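S.K.: For reference, the chains in residue letters:
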Amino acid sequence: MAVSLRSALQRLHGMFAVYKPPGVHWKQLRDTVETKLLNELNSLEQPVVQQQIRFVPSVIKGENGNETHLTVTQVPVLADHPRVTGPKFVGVKVGAGHRLDLQSSGVLVLGVGNGNKQLNRLYHCHLTKEYIVKGSFGTATEDFSNTGRVIERTTYDHITRDRLERIIAVIQGSHQRALLIYSDVDLKSQEAYELASRGLLRPVNKSPPIITAIRCVHFSPPSFTLEIQCLHETQQYLRKVVHEIGLELKSSAVCTHVRRTRDAIFTVANALIRTQWDLPSILAAVQASRLKVEAKLHEQSWRLLESSEEDMYTVVKARVLEKGNHCPGSTQLGD
Amino acid sequence: MSSLCHRICYRWTSLRITGLVWSSRQEIKVLPTASYGIQTRFGLDARQCLLTQKPWMLKSSKSSSSASNLPPSKEDGTGQFTESSIMQNTDDNHGKSEVPSLVKDIQTVELDVAPPHSPFDEISEEAALQTETSPSFPPISFTLRDYVDQSETLTKLVLLGVDLSKLERRPNVANMLLRLDFNRDVKERLLFLKDVGVDDHLLGAFLTRNPFILTEDMENLQMRIQYLQSKKFSKEAISSMVSGAPYLLNFSVERLDNRLAFYQRELRLNVQKTRDLVTRLPKLLTGSLEPIKENLKVCRIELGFRDNEIQHMVISVPKLLLASKKKVTRTFDYLHNTMGIPHHLITKFPQVFNAKFLRIKDRHLFLEHLGRAQYDPTQPNYISLDNLVATPDEVFCVKIAKGTLLDFEAFQKTL
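Residue numbers (my numbering), protein chains in the order written: chain Z, 1 to 335; chain F, 336 to 750.
No lab work stands behind these hints: they were computed from the structure.
Certain hints may be false.
If you want a taste of the chain F side facing chain Z, the calculated C-beta under 7 Å gives, among others [to be verified]: (1) V493; (2) D498; (3) L750.
All of these numbers come straight from a predicted model, not from anything done at the bench.
Beta carbons are placed, not taken as given, at the ideal position from N, Cα and C, and that holds for glycine.
Using the sequences and the hints, build the whole thing.
M.R.: Now the structure itself:
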């Protein structure tokens, strides 16, 4: 289905998610998406060649010797021809959201056009991301991944699933305490209790990485898989967590895979793979995520308000808590 | 004083732009036309070198023209028009009537003092028809857009299919193109290329890649074609080589000879095979030889291929010589160490080096996930490397992996 250029340009504003394969730098991915979009936009462009009227003098033999006459001709104006001016579109504003490092894979959110502003606002909403982290017991390396230089090898027969889960619970507990500190709520207030019980506590500004939830989904020694829900993290931090779990269990561990399955409201299901990075799919993805992004930004708008509007802040926060009352026990997906 | 300088500066720029129109009757010394644009009566001159200017030429021409002028009478209806009157009229187009007096002030005393011409003077019909109100173009510009409509060469090149926007980015090419004359330089070489066998619709792309062929000596070009013919390249071979590598004919005969000898020596090929290799990938003759030597060394030492294996691979996939050694090493490493494919199988299917690395990786992991990753020809359910790599996604998923495209896409999201 051919898209018209005008409608494409109007609709090419918003956010969409792509699936970054491992081994590809995020910037290279962003450049590839931009190049593909530009190629398609330039091919949609229909150049209209303008014409101009020229009066060309010519000499015709007349009675009194050479007489000059003017002949009227219509010639195309080549100054606006695409082979002279070059392609019409030379840049599309594509911005990347939370970055993924070289060896990790998963959901990478990109913003296009006006969506870049939404990217910024979504960043300030401090929404969580979910990762699947696979590790392997028995080795410890320099950079905590299985491709680094090996530092030590240990046995891991003594490790059982419940020991692992105990360590994981300790990690979650300590991070929860850190979250309480960074979320700037009075520990003795009712409001803090409400937010904490619903899992809506979030840090106010920048904070070190915080793991809001962590659980073991698969355990068959030496390999194990964790599902981690976290904030403000880097993938290298998650590898370090795996390494530290190994140390706590009196063994050693390396991280083999880090894969992001969710970034705020964008999940793997909405992400576009390499073969789908073309204009129609991207427009469809932008369209699909538009309402969800706007709803989420509206919901979290109290976080984005200025500090001077503190009364509004408390009022809106109360409203958020009230809304939570109507749907009990739901730790909302995408928060 | 400053306003006087300002008007003089503007005067010189307008003089540069308008050029001069000569009458065929009067015997005036014709100035060399190479340095600035001249608009003739019969259409536009192609040789407009407006990116460099020599204003002093105009000054002497002005003096020669005004020396022989006659003051135009008001009821002059005959065809007798003078350069000064033309100058006057063209100047009037720019609305500078007080200018001749200024010019006279600057010029030497030996001139006759001509009365100033007012814009309200009536001029003859002939003179009126002769004056051209063509759009003015700037003397210096950063783009060829300003000159393409006035220059015959540029117009014809655009209509032929040359991409001027790409050429003007290269240093010095734009100046060179503006200095060319279509009838003298360009036409001859285009006809030569047609004789060699380059297709009409490929001429545009050819010139976009190599505009310097328009300044090559015709004799040298003929000599190089004769050399290739003497090496027993067929006519079709020569035409495909020239189309494929536009810079080929810019290279001297010694250089071409050296290159052919290099390939024959290094790859130990006979004459016919060298000819085929070079016909298939003419870029081998135009690029530098250092990366090719590097690639051969990598294949021999790092990857461990034997000489006859390298020969076989290069004959079927010549691009291997020009590929980046990092990519070749990465692909080979994955094929040999991770997928476990031995050297002789890779030699049989050298087109795997053409494929994208991520494609090989995704497909292999999908087959492994389904339990169908079997690359040993002696075992059942063998999957050959060309089936793995060269088939489109749907065909691969359905026929080879016995799955569906949706499965493959879902699997890619779990990597």
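S.K.: All hints, please: hold or fail.
M.R.: Results of checking the hints against the structure:
Of the supplied interface hints, the one on V493/F holds, with its beta-carbon coming within about 5 Å of a beta-carbon of chain Z, less than 7 Å. The beta carbon of D498/F is positioned within 7 Å of a beta carbon in chain Z (closest approach about 5 Å), and the interface hint is therefore held. A cut of 7 Å between beta carbons decides the hint on L750/F: the least distance to chain Z is about 6 Å, and the hint holds.
The earlier numbered hints are all upheld by this structure, with none contradicted.
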